[in-house]
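All chains, please: the whole structure from these sequences, using the hints.
There are 2 protein chains.
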Amino acid sequence: MEVTRRNFKSSLKEVYSAIEEADFLAIDGEFSGISDGPNVSALTNGLDTPEERYTKLKKHSMDFLLFQFGICTFTYDQAKSKYIIKPFNFYVFPKPFNRMSPDIKFLCQSSSIDFLAGQGFDFNKVFCHGIPYLNQDQEVQLREQMEEKRNQHANGMGTPSYISPSSSKGPAHVPDEHKDFINRVVEKVEGLFTNSEKTLDLEPCTGFQRKLIYQTLNWKFPKGLHVDTIETEKKERYIQVSKVDDEERKKMEQQKQEREQEELNDAVGFSRVIHAISKSGKLVVGHNMLLDVMHTIHQFYCPLPEDLQDFKEVTMCVFPRLLDTKLMGSTQPFKEHITNTSLAELEKQLNSCPFKAPQVETAEGFPWYDTAQEQLHEAGYDAYITGLCFISMANYLGSFLTPPKSYISARSKLIEPFFNKLFLMRIIDIPYLNITGPDLQPKRDHVLHVAFPKEWKTSDLYQLFSAFGNIQVSWIDDTSAFVSLSQTDQVQIAMNTSRYAESYRIQTYAEYIQGKQQQDEKKLGQTNKTWGEDGWVKPHYTSTAGSFGYCRGLRKRSISPGHGDQGSGELLIADGWSHYSHLDSTGSKKMKTDDASGQANAEAVESKTSEGWLKTTDVSDSASLSPVPDEESPDDTDPVNNADGTVTWQRASTGRAKKSQKSEKRKSEATDSAASLFEVPEVW
Amino acid sequence: MEVTRRNFKSSLKEVYSAIEEADFLAIDGEFSGISDGPNVSALTNGLDTPEERYTKLKKHSMDFLLFQFGICTFTYDQAKSKYIIKPFNFYVFPKPFNRMSPDIKFLCQSSSIDFLAGQGFDFNKVFCHGIPYLNQDQEVQLREQMEEKRNQHANGMGTPSYISPSSSKGPAHVPDEHKDFINRVVEKVEGLFTNSEKTLDLEPCTGFQRKLIYQTLNWKFPKGLHVDTIETEKKERYIQVSKVDDEERKKMEQQKQEREQEELNDAVGFSRVIHAISKSGKLVVGHNMLLDVMHTIHQFYCPLPEDLQDFKEVTMCVFPRLLDTKLMGSTQPFKEHITNTSLAELEKQLNSCPFKAPQVETAEGFPWYDTAQEQLHEAGYDAYITGLCFISMANYLGSFLTPPKSYISARSKLIEPFFNKLFLMRIIDIPYLNITGPDLQPKRDHVLHVAFPKEWKTSDLYQLFSAFGNIQVSWIDDTSAFVSLSQTDQVQIAMNTSRYAESYRIQTYAEYIQGKQQQDEKKLGQTNKTWGEDGWVKPHYTSTAGSFGYCRGLRKRSISPGHGDQGSGELLIADGWSHYSHLDSTGSKKMKTDDASGQANAEAVESKTSEGWLKTTDVSDSASLSPVPDEESPDDTDPVNNADGTVTWQRASTGRAKKSQKSEKRKSEATDSAASLFEVPEVW
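Taken in order, these protein sequences are the chains called P and W. If you use the numbering used here, the first sequence corresponds to residues 2 to 685, in order. If you use the numbering used here, the second sequence corresponds to residues 2 to 685, in order.
Hint data in this document are derived by calculation from the structure and do not stem from the laboratory. Mixed in with the good hints, there may be bad ones.
Chain copies aren't distinguished; within one or between two, either way the pair holds.
What the hints assert, rightly or not - Quick list of in silico lysine to aspartate or glutamate cross-link-like pairs, DMTMM-like style, CA-CA up to 20 Å:
1) Lys60 to Asp37
2) Lys126 to Asp115
3) Lys444 to Glu198
4) Lys236 to Glu21
5) Lys180 to Glu337
6) Lys212 to Asp177
7) Lys180 to Glu198
8) Lys251 to Glu140
9) Lys349 to Glu237
10) Lys57 to Asp521
11) Lys180 to Asp521
12) Lys336 to Asp177
13) Lys150 to Asp461
14) Lys60 to Asp478
15) Lys235 to Asp115
16) Lys235 to Asp202
17) Lys458 to Glu263
18) Lys349 to Glu204
19) Lys57 to Asp446
20) Lys150 to Glu456
21) Lys406 to Asp78
Because the structure is a prediction, the values reported are computed rather than measured.
Set out below in structure tokens:
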């Protein structure tokens with residue numbers, strides 16, 4: 002269903018009920034651009050840390066506009082043994098609500114616009130009929146401005162820029178060139194008092210002239226008139242003067258106020274849909290969805306926090322349960338069957354053996370998407386396809402059970418290992434951003450940081466390291482890059498040979514990070530990290546207030562894993578997250594603590610291993626913290642040279658053992674609740 | 002005529018000939034936004050200096066896109082006694098030419114987009130079929146990148162990011178997961194050698210896979226193959242392998258190169274139209290055209306210079322003769338008949354007495370614009386209306402002649418006083434930016450600069466100055482504003498009473514400017530200004546190289562005033578301004594010196610007054626310079642309190658004298674060549 006400004010209000014109920022009844026929903030956004038850097042690859046470095054990547058995306062992507070938002074709800078019909086779907090395709094545009102509403106500026110990237118144009122994207126629909134929206138701050142601001150304007154109008158002084166202090170009490174200062182005009186207006190209004198007309202429409206005029214009229218009429222006719230500015234369809238503004246007694250005047254002003262209030266509610270617009278998703282606590286599926294999530298929060302909720310940890314906590318408020326199909330498809334047991342995880346390719350591959358195309362039916366009154374037609378890059382269609390991919394993959398997991406199951410619900414523990422992990426594009430050794438816990442921190446002891454003159458090119462680096470076998474270069478900026486050696490034992494040799502170099506400088510990755518951290522600590526003084534023997538960094542969080550402020554509240558909640566934190570909504574005011582609205586501006590970090598899935602995840606994993614890497618951590622107690630793989634976790638392997646997963650997969654029907662020999666001891670019985678079977682591997 | 006990417010090439014000849022035959026042409030641009038500040042009025046201060054305004058516009062407006070460019074050419078038909086018009090409406094969009102071409106990011110302002118949407122603007126047409134363009138630097142860059150790419154492909158190494166130094170000579174390093182894929186490709190190519198097919202189309206694949214294919218095939222089959230990447234309509238890329246002998250291979254590569262060259266020329270696109278206008282030297286008319294001129298230069302020519310003077314000189318290269326109808330309509334003798342100078346209103350008012358609607362006829366094959374329908378804010382229509390306004394006003398000047406003339410040509414000396422002066426929005430006392438000389442510098446001795454805590458509002462300023470009569474507040478930023486007193490003699494009193502104030506600080510305008518100049522001089526050390534007794538600042542330019550480097554060349558040319566510098570084009574290479582391409586990046590300031598109009602202006606004014614303010618100045622000789630009104634110039638009056646012009650206008654038919662008594666002595670005989678009659682007044 003296509004939703005624009007024209008049918009938004011009338012569709013809202015249908016949207017709400019679709020979300021309410023859904024087992025899960027899939028989302029997708031279309032943006033006016035991706036990166037404002039010189040090119041997209043400059044935005045990403047294969048050895049970014051999650052913090053660096055978040056900071057880059059925030060800085061270089063959030064000025065673009067999310068202008069099409071697709072939602073497809075999926076509701077399983079037991080009787081029909083198929084999903085009933087309701088796809089929505091929302092056109093979204095920050096139409097200024099009135100002259101005082103925020104005048105959003107957004108960036109467009111010509112390559113993205115050209116790409117969408119080639120896909121038949123309808124820009125006229127977005128810009129002419131896009132649904133408006135406001136984030137929390139904007140809503141508050143607009144409300145305040147409206148009140149201020151009302152007060153000003155009551156005093157008859159539009160914008161106070163050329164008024165002597167006495168002018169609101171005395172006659173308006175009318176510049177010579179406008180005197181004739183104003184005198185004619187006064188004559189007309191005097192005429193109104195002597196004739197039988199109720200209202201008088203003045204001709205359209207400039208804002209300055211309207212101000213003069215307001216001032217003059219307020220002074221000349223303090224009683225008996227209601228003066229209002231009307232906008233024609235052509236956006237011309239004119240003044241309407243109405244003859245009224247005191248009671249009528251009050252009533253008209255009250256009506257005007259109510260009209261304004263209604264308009265303000267309309268201005269919140271599409272944000273109400275996001276609020277509904279957020280409140281529902283339903284599983285939200287996306288494909289490569291980090292940017293979708295960031296844009297959604299940024300546009301409809303609040304400015305993105307500076308800090309990655311804060312972002313994770315806000316994310317859990319807005320989307321308590323997320324699943325990224327690109328990450329899922331890149332992970333065992335899917336990875337070995339899927340050669341290309343782009344959405345279109347993933348969908349194609351999930352239609353053939355060993356996967357099965359899911360059975361779905363479009364709900365009555367919704368348009369039917371033909372997957373053969375490939376309406377890709379319409380957000381509603383992409384959301385639909387994403388949902389199909391999720392169903393195929395979820396059901397495939399059922400084939401490992403004894404007995405095999407052909408339908409795996411969105412509430413199954415089997416899919417929990419994939420919850421709240423968002424795919425990280427083009428990072429060599431960190432597959433995902435872990436929204437509900439600390440991120441993976443691979444040992445990068447085969448990596449060197451090289452600084453050099455800006456004239457150097459990649460070929461210079463190849464030459465420099467020609468003695469050390471194959472290398473991989475990850476540019477950081479004009480004068481530095483990471484160079485990954487294929488053999489860790491070459492690192493020290495490379496370091497030694499470069500000791501006396503003058504034109505360039507080599508550091509180990511550890512040295513480089515240490516230097517960076519020292520800089521950061523000067524600013525923040527929060528985090529110390531040391532290298533653990535197992536190859537993962539052990540973070541030792543100091544218990545500084547603020548940094549992990551969001552988490553504390555979250556851990557105090559007890560939530561039933563299957564159903565999310567829907568009950569807690571009652572404790573909160575209607576919009577579900579008002580407590581958070583001033584996070585950035587005031588530093589106050591009160592917020593809704595709706596972390597059902599994180600909690601559920603933690604419990605699920607704890608049943609398997611007391612110190613598993615999925616465990617959420619108590620930040621106020623650094624001693625009890627060990628989010629790294631220990632003896633009970635999968636053994637670590639070299640994340641670059643070993644492309645195999647470390648998790649054992651056992652197909653119930655065949656019983657054949659998969660490649661990895663190392664974690665034999667952790668093979669689980671194939672039961673429906675055996676979340677440990679399907680964990681997301683640390684090793685890519 | 003509507004021109005998009007689809008018909009651009011086929012229309013170009015018609016565009017060129019329309020420009021070539023025209024008496025003058027009118028232009029108009031539509032932008033994706035106006036100002037990226039919090040709001041447009043924050044961008045403008047009523048007491049900005051021209052330098053400040055230029056800097057603000059450059060900083061806050063150039064990130065928007067000029068995406069519709071209207072040109073209407075006007076050619077007078079003596080036989081029919083009417084103008085024949087050819088309107089063009091170009092849709093312009095920086096479509097990336099290929100993966101290496103600049104990926105332009107542009108800003109959109111939702112209020113502007115919403116406004117255009119309301120006017121029926123077709124965004125799909127812009128984004129899907131907009132004509133591409135390149136500025137000079139981009140053209141050069143793209144050419145270089147193309148050559149680089151050709152060299153890379155010749156070595157079979159797409160992007161050099163994961164290649165060991167030896168890989169171009171040895172086998173490509175194929176990661177395990179792609180080995181099967183590459184082996185299948187090699188098998189297929191081996192098949193090609195044994196069958197009768199000439200070419201083999203591989204299936205679409207990722208860029209990385211294509212790179213592996215290039216590397217592998219180059220190594221395995223160094224001879225006998227031509228490998229090329231083809232893009233499908235769906236933008237999928239696949240590799241085509243062709244069986245060729247050495248000669249065929251060379252020929253195919255040459256053809257490919259020619260194809261690329263042609264494509265590069267196409268990529269220059271719309272910029273060629275601007276080159277043609279520039280070369281023609283024709284009078285270019287616009288309405289409130291400063292932003293149009295800035296955007297045109299910025300988008301199709303070169304990044305805007307830092308310095309206003311440099312901008313003026315670049316402008317004279319691109320548009321040797323400009324006329325702004327908003328300025329013209331705001332000036333005597335038009336000002337007294339025109340109450341609203343917005344384009345639509347101006348056009349309406351110029352249709353009625355004392356003006357006459359001009360006689361025009363649309364050239365055959367061009368769509369007819371109905372002014373009654375008001376297709377305003379389509380650039381082609383706005384350009385057309387602008388031209389009509391110019392004709393009405395020019396012809397009106399003819400009514401002052403003895404005998405009166407009903408047709409005044411675009412080459413008449415009567416309109417020369419309006420040349421190259423661009424309307425300045427919302428500056429109280431400087432009506433225009435003077436492109437061919439120093440700007441007006443009104444004495445602002447009734448103005449105070451006030452600094453105060455950021456909590457202050459306008460009402461606090463009114464209160465502070467309540468003893469000094471009416472004031473006008475011009476906000477600079479959160480903590481400072483200009484306050485104009487109505488009486489200059491109050492200034493000292495206000496200064497005295499504030500002497501011991503702690504929460505705020507008052508400076509005279511002169512003190513403030515002096516402080517600012519001292520800061521600027523620390524940076525540049527170029528300009529000293531002193532206050533002249535006549536109320537205008539006397540600029541004493543030091544003869545610093547660079548600052549006015551453009552001017553020097555201009556003054557050495559001798560150009561016939563009526564026809565511009567068309568001959569000089571022959572001295573230059575074809576595009577007319579290639580010498581200028583590296584202004585910003587290299588500091589070299591060689592450029593085309595096409596300043597017919599400035600020169601003409603100077604001569605016209607010199608015939609009237611030896612030291613008139615219109616005179617262009619010899620910057621290398623500060624002693625000979627006096628661009629301020631002297632005893633022969635109009636007397637100055639208070640620019641704020643006296644709204645009358647100081648120039649005497651004498652209507653030939655009635656002989657009635659206009660208001661001003663002061664410049665009686667300067668009344669001129671009403672002859673066609675009496676440019677002095679119609680000078681643009683200094684006083685607004």
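Worksheet item: Between copies, within a copy, both or neither: which fits lysine 150 and aspartate 461 at Cα up to 20 Å?
Response: between (64 Å within a copy, 18 Å between copies)
Worksheet item: What label fits lysine 150 with glutamate 456 when the C-alpha limit is 20 Å: within, between, both, or neither?
Response: between (58 Å within a copy, 19 Å between copies)
Discussion item. At most 20 Å between CA atoms: does that hold for lysine 180 and aspartate 521 within a copy, between copies, both, or neither?
Written reply: So lysine 180 and aspartate 521 fail the 20 Å test inside a copy (64 Å) and across (43 Å) alike.
Discussion item. With identical chains, the pair lysine 60 and aspartate 478 could be close in the same copy or across copies; at 20 Å between alpha carbons, which is it: within, between, both, or neither?
Written reply: within (16 Å within a copy, 26 Å between copies)
Worksheet entry | Intra- versus inter-subunit Cα pairing at 20 Å for lysine 349 with glutamate 204 | So lysine 349 and glutamate 204 pass the 20 Å test across copies only (15 Å; inside, 62 Å).
Worksheet item: Which holds for lysine 458 with glutamate 263 at a C-alpha limit of 20 Å: within a copy, between copies, both or neither?
Response: neither (60 Å within a copy, 30 Å between copies)
Worksheet item: When no copy is named, should lysine 444 and glutamate 198 be tagged within, between, both, or neither for a Cα gap of at most 20 Å?
Response: neither (84 Å within a copy, 51 Å between copies)
Item to complete: Evaluate lysine 57 and aspartate 446 at a C-alpha cut-off of 20 Å and name the case that applies: within, between, both or neither.
Response: Cα proximity of lysine 57 and aspartate 446: none, with 24 Å in one copy and 50 Å across.
Worksheet item: How would you classify lysine 235 and aspartate 202 at a CA-CA limit of 20 Å: within, between, both, or neither?
Response: within (16 Å within a copy, 55 Å between copies)
Fill in: Copy assignment of lysine 236 with glutamate 21, given that the CA separation must stay at most 20 Å
The answer is neither: 39 Å in one copy and 39 Å across copies each exceed 20 Å.
Item to complete: First find the shortest C-alpha distance between lysine 251 and glutamate 140 inside one copy, then the shortest across copies, and answer within, between, both or neither for a cut-off of 20 Å.
Response: Answer is neither: 26 Å inside a copy and 65 Å across each miss the 20 Å cutoff.
Worksheet entry | Within, between, both or neither: lysine 406, aspartate 78 at alpha-carbon 20 Å | within (16 Å within a copy, 86 Å between copies)
The structure fails hints 3, 4, 7, 8, 11, 17 and 19 (numbered hints given earlier, in ascending order).
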